[in-house]
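If you read the protein sequences in the order shown, they are chains C and L. Note that full-length UniProt numbering has the first sequence beginning at 1, numbered continuously upward. Note that full-length UniProt numbering has the second sequence beginning at 1, numbered continuously upward.
Note that these hints are calculated values from the structure, not bench results. Honestly, I wouldn't trust all of these hints.
[Unchecked claim] So the derived list for chain L, only partly shown, Cβ under 10 Å to chain C, looks like this: (1) VAL46; (2) ILE49; (3) ALA56; (4) SER63; (5) LEU85; (6) HIS103; (7) ASP269; (8) LYS271.
[Claimed, not checked] DSS-like, lysine-lysine: derived pairs with alpha carbons at most 27 Å apart: (9) C:LYS109 / C:LYS151; (10) C:LYS171 / L:LYS282; (11) C:LYS170 / C:LYS155; (12) C:LYS11 / C:LYS170; (13) C:LYS109 / C:LYS171; (14) L:LYS282 / C:LYS151; (15) C:LYS174 / L:LYS282; (16) L:LYS27 / C:LYS411; (17) C:LYS11 / C:LYS171; (18) L:LYS271 / C:LYS364; (19) C:LYS11 / C:LYS109; (20) C:LYS11 / C:LYS86; (21) C:LYS448 / L:LYS271; (22) C:LYS155 / C:LYS11; (23) C:LYS170 / C:LYS86; (24) L:LYS142 / L:LYS128; (25) L:LYS179 / L:LYS206; (26) C:LYS364 / L:LYS282; (27) L:LYS179 / L:LYS208; (28) L:LYS282 / L:LYS271; (29) C:LYS364 / C:LYS441; (30) L:LYS128 / C:LYS411; (31) C:LYS448 / C:LYS364; (32) L:LYS206 / L:LYS128; (33) C:LYS86 / C:LYS174; (34) L:LYS282 / C:LYS155; (35) L:LYS142 / L:LYS208; (36) L:LYS27 / L:LYS179; (37) C:LYS411 / L:LYS142; (38) L:LYS142 / L:LYS206.
Ideal Cβ placement from N, Cα and C applies to all residues, glycine included.
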Amino acid sequence: MDGCSVLIGGKAGSGINRAGQTIARMFTQLGYYAYMHYDYPSLIRGGHNFSLIRASTYPVGTHRSGIDILLAMDSPTLSLHRHHCKRDALVIYNSDTVRSDTGSAIPLKSIVARNDGMHVMENTAMIGALASAIGMDWDDCGYVISQEMRKFTQKNLAIARDAFRMQSEKKELKRLSQSPGILLSGNDAVSLGLLSAGLDGYIAYPMSPSTGILHFMADASGETGIQVFQPESEIAAITMAEGMAYAGAKAAVGTSGGGFCLMTEALSMAGMAEIPITIVLAQRSGPSTGTPTYTAQSDLHFAIHAGHGEFPRFVIAPGDAEQAYVWAGHALSLSWQFQVPSILLTDNTLSEGVYTVPPDMLQKRIPASRPVSVHLWEGTEEYQRYRDTEDGISPYASPPLFGAVIKGNSKSHDEWGISVDDGMQLASMTRKQMKKIPSMKDSVSQLKPVLIGGNPDSDICLISWGSNAPLCREAAQVMGIKSVQPIVVHPFPASEMTAATCCSVMTFLLEDNYSGQLADICEAHGIPVDIRLPRFDGRPSAIDQLIEDLWGLVG
Amino acid sequence: MTKGLITDAQNTWCPGCGNFAIQHALKDVILRLESEGVPRENIVLVVGIGCHAKMADYLNVNSLYALHGRAVSFATGICIARPDLFVICCVGDGDAYAEGIAHLLFAAKRNVNMTVLVHNNRVYGLTKGQVTPTSPLEYHGKSNPDSREGIALNPPELLLSVGCSYIARGYSRRQEELKGLIYDGIVHPGFSCIDILQICASFLDKTKEYDRQVYVPLDHNPEDFDAACRLVREYSYEDSGNIPLGVVFHEERDIFHVGTPFSRQRYTDKKGFILRFIEERK
Ligand code: SF4
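Make the full structure from the sequences, and use the hints.
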């Protein structure tokens, strides 16, 4: 095999996510690009969880439904996923609890018992069997296990080794000489990106699928000195973060749709008071509480229009871990450069999916810890927090600053920050804020906000955004058509999008919502969308299914 | 803007409003702090929304004119970012005891180092006379002409129950006492809240009652929690009984701080962390 799709399934609480990540790491150890999708219902124990891990010779950010190797920790895994398997698929099952006429029987429970291990280590045994099946050296397998399982390493190694010896059926994956990169979840990547742009504080109330960022940041706080805090509500989270920003600290918050809903009053305040703040909005299926652990891209319009009144903002939707890293940093820096809120729009697929990222890209992209272009007060004349300038960006200052009085204001105000309701002043302050928009668009243009992939000369165009972008990029590559991804969605990169799509005779747009939210935006900007491909069952599309559907449509 | 402590913004409080007295008291306390070496730029005033909030426009100090109910929360963020600042919140009773009650209680629970002055006029003034959590049972505002809101909230009692480390009650017509309470609150290390009975000249002028009811207990020991509980129950924001003024409770306990103090950092910058993270994942 020169690529591989593995599914490992079992009960919630049996370490399926962890196992999936370890398997992904085995694939990168063998020189492959790995991608993992993790599927779990919103419960802690029981229920069915599975991880889909894909190894490929080129970068991928999506799963494939034809499974090569099925790892069944329990019977439901076998019954639920057998029909997703390729005809020649290898099945490895836990013969202590699962009955099957075909496949490799590995007695996970007995192996664990023999080694005096804990129940959850059955997944280690399964991983050992898989390593053997794909023809990995024991040394490689042992290395990955000792890296991924820092607790009870010896016991885990012994368990994996037993299963490794027992597995005789093979489905070998040849070792590649390249070493493509390290594994990052979307949430890891967002966290690193924010840190790379000099984040000082992260305040969040737990909400799937953004919670991984809170945990990452809490772990990182000791070494980076950033302030990480979980307050009483999402309202508290964003207002505290804005308090930090008023005091000069770069702060971000993370949440999902429901929490973002609560944050909108403070979002408007950030607009009026010109407070830089970055909000990570990790979309999940809604409305309301919706389906907490399944994906959606249905908050696009909400992100763009949230809050009362009118004010400029950035809405940025990266598609994979690499983009999440780069653009989380951009979001924070742009916010500070323009003193406007920025919303980093991710989704469940991206947040919790695991991607392969080249480490040198991460190193190269670490910018200065503060954006050079933050306007600062020179101290030569009286400080005006909201001074009207040519580009609408006032000098930023935070207390304590000798000789200056810094007045941030959520109400209509004059240049000093004193409340006013005089019509002339209202109009001039609104104009001052809106003057930022042209330069915001310029800055976005310089960052290449639209990514073109596949065959750029094709007159068939597949548009997508967020986590669907790597999927569509790959589909376009395979089909010889063009893929287009707007990474910045607001202010909409209209000229770049028009240039990218103007030669198309047929345009598709795939997104995980019912109404076609990006399609509406494209059409509002004169970019016709011929066929909308909505998906709203909370599940991400698989590459092979998408290609099949598209062939059907293209004819 | 003037160089003094009062801006040249036009003052729009009603004549006779208790806010003037609180403003003067706060101004004098700031002058006193300055004379004791606190630089003016180290003082930040955070306000909510309501009549009280105009304080941000009128006092010539750093300020954040925040949102209804959220002043304490914004102030917490400022304290997290700059623990060296003197953060003072002016909030209203409708503002902090209704919409913002959670933030107030949590800041008290955490012992965030700030001082909250509640302009407690027991009525929504700026929206023209509706009932607030501390309105008297008999109060019929424009939103409850026939009904009653139920018994009034006793904020100092509530604050005591969540571990507030400094609670005092002041009265807008007792200037000297009020200044002392505000000053003590600001220098108190940790969270301090001063519930200031304030008259609203336009909607709930309780000058006569308050003048008769208030007194300063002579033998109260603010270090004694049980005595503090008994004292706050003496006045339930309902009856016409006596209203004790002064410090109700006072203790010193650990101040809230989050994350890891800078002194414990093993890496001096975020870049170092990212590089090390990459190495570990390889
Ligand atoms: S309405 Fe009441 S509280 Fe408001 S300014 Fe007038 S007197 Fe003062």
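Verification of the hints:
no., hint, verdict
1, VAL46, "holds (8 Å)"
2, ILE49, "holds (8 Å)"
3, ALA56, "holds (7 Å)"
4, SER63, "holds (5 Å)"
5, LEU85, "holds (6 Å)"
6, HIS103, "holds (6 Å)"
7, ASP269, "holds (7 Å)"
8, LYS271, "holds (5 Å)"
9, C:LYS109 / C:LYS151, "holds (20 Å)"
10, C:LYS171 / L:LYS282, "holds (26 Å)"
11, C:LYS170 / C:LYS155, "holds (25 Å)"
12, C:LYS11 / C:LYS170, "holds (26 Å)"
13, C:LYS109 / C:LYS171, "holds (24 Å)"
14, L:LYS282 / C:LYS151, "holds (19 Å)"
15, C:LYS174 / L:LYS282, "holds (20 Å)"
16, L:LYS27 / C:LYS411, "holds (23 Å)"
17, C:LYS11 / C:LYS171, "holds (26 Å)"
18, L:LYS271 / C:LYS364, "holds (11 Å)"
19, C:LYS11 / C:LYS109, "holds (14 Å)"
20, C:LYS11 / C:LYS86, "holds (23 Å)"
21, C:LYS448 / L:LYS271, "holds (24 Å)"
22, C:LYS155 / C:LYS11, "holds (22 Å)"
23, C:LYS170 / C:LYS86, "holds (15 Å)"
24, L:LYS142 / L:LYS128, "holds (8 Å)"
25, L:LYS179 / L:LYS206, "holds (21 Å)"
26, C:LYS364 / L:LYS282, "holds (16 Å)"
27, L:LYS179 / L:LYS208, "holds (22 Å)"
28, L:LYS282 / L:LYS271, "holds (17 Å)"
29, C:LYS364 / C:LYS441, "holds (25 Å)"
30, L:LYS128 / C:LYS411, "holds (19 Å)"
31, C:LYS448 / C:LYS364, "holds (17 Å)"
32, L:LYS206 / L:LYS128, "holds (16 Å)"
33, C:LYS86 / C:LYS174, "holds (19 Å)"
34, L:LYS282 / C:LYS155, "holds (23 Å)"
35, L:LYS142 / L:LYS208, "holds (23 Å)"
36, L:LYS27 / L:LYS179, "holds (9 Å)"
37, C:LYS411 / L:LYS142, "holds (25 Å)"
38, L:LYS142 / L:LYS206, "holds (18 Å)"
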